[in-house]
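Undergrad: Here is how the chains run, residue by residue.
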Amino acid sequence: AQKVTQAQTEISVVEKEDVTLDCVYETRDTTYYLFWYKQPPSGELVFLIRRNSFDEQNEISGRYSWNFQKSTSSFNFTITASQVVDSAVYFCALLTSGTYKYIFGTGTRLKVLA
Amino acid sequence: NAGVTQTPKFQVLKTGQSMTLQCAQDMNHEYMSWYRQDPGMGLRLIHYSVGAGITDQGEVPNGYNVSRSTTEDFPLRLLSAAPSQTSVYFCASSYGGGASGELFFGEGSRLTVL
Numbered sequence: 015a016q017k018v019t020q021a022q023t024e025i026s027v028v029e030k031e032d033v034t035l036d037c038v039y040e041t042r043d044t045t046y047y048l049f050w051y052k053q054p055p056s057g058e059l060v061f062l063i064r065r066n067s068f069d070e071q072n073e074i075s076g077r078y079s080w081n082f083q084k085s086t087s088s089f090n091f092t093i094t095a096s097q098v099v100d101s102a103v104y105f106c107a108l109l110t111s112g113t114y115k116y117i118f119g120t121g122t123r124l125k126v127l128a
Numbered sequence: 005n006a007g008v009t010q011t012p013k014f015q016v017l018k019t020g021q022s023m024t025l026q027c028a029q030d031m032n033h034e035y036m037s038w039y040r041q042d043p044g045m046g047l048r049l050i051h052y053s054v055g056a057g058i059t060d061q062g063e064v065p066n067g068y069n070v071s072r073s074t075t076e077d078f079p080l081r082l083l084s085a086a087p088s089q090t091s092v093y094f095c096a097s098s099y100g101g102g103a104s105g106e107l108f109f110g111e112g113s114r115l116t117v118l
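Chains as they are written, first to last, in the working numbering: chain V, 15 to 128; chain R, 5 to 118.
Take these hints with a grain of salt, some might be off.
[Unchecked claim] Computed, partial: chain R to chain V, Cβ under 10 Å: (1) V16; (2) T19; (3) Y39; (4) Q41; (5) G44; (6) Y52; (7) G57; (8) Y68; (9) E76; (10) A96; (11) E106; (12) L107; (13) F109; (14) E111; (15) G112; (16) R114.
Source of the hints: derived by calculation from the structure; they are not laboratory data. Every residue gets a Cβ at the ideal spot worked out from N, C-alpha and C, and that includes glycine.
Please model the complete structure; the sequences and the hints are all you need to start from.
TA: Rendered as structure tokens:
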């Protein structure tokens, strides 16, 4: 069975702190895709990144970085020098190849305090 | 640049009433899906479609019907609403799942069943 666990329900940080959001996934498939989405207070869902199971290279995009480790089945998301605009709910999701059923985690609410 | 359009944005129903949530996309995406978002539960897949005339059940399909007569439209029907269906509903589309699998979401529809 496929599963995504985001154990951190809510995190609060002070602006400019670094913060890491954890995502642990379960799947028996060897080909799969992992995603992160952001849901700001306005409610829309915004795609951040996709990573396939054959590419364990970490990725950096500005203040955002992602650490994919197959050995620990984790796909963690780090925000460097957090800003108030980063306050949102962040979802990690899993899609296994050949299926069309995206499995989402329960989300982590990040609050960045000024 | 419409993307995924959902209507209505808000709806209040009485138990037993029926309604249809509309979803349309203008990106020629083959894949469309419906999710519900409940506090602490993340996003759960209700139904999905991989093309016109093809639909399948997701994680929580009971109480909901879908059809896909065109590539653009994927309506979600509640035949007899129940309070347990109070939720925020998101429609999402994707080019094809898998390698092209980032989801584009609508703005959401907040449904309250009294």
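Undergrad: Against this structure, judge whether each hint is valid.
TA: For each hint, the structure was consulted:
1. V16: 18 Å, violated
2. T19: 25 Å, violated
3. Y39: 8 Å, holds
4. Q41: 9 Å, holds
5. G44: This hint holds: G44(R) lies near chain V, its Cβ roughly 6 Å from the closest one there, short of 10 Å.
6. Y52: 5 Å, holds
7. G57: Result: violated, 15 Å to nearest chain V Cβ.
8. Y68: Not OK, violated: Y68(R) not within 10 Å of chain V, min 15 Å.
9. E76: 18 Å, violated
10. A96: 8 Å, holds
11. E106: This interface hint holds because 5 Å falls under the 10 Å limit.
12. L107: Since the shortest Cβ distance to chain V is 7 Å, the answer is holds.
13. F109: 4 Å, holds
14. E111: Since chain V brings a Cβ to about 6 Å from E111(R), closer than 10 Å, the hint holds.
15. G112: Since the shortest Cβ distance to chain V is 5 Å, the answer is holds.
16. R114: 9 Å, holds
In this structure, the hints that do not hold are numbers 1, 2, 7, 8 and 9, in rising order.
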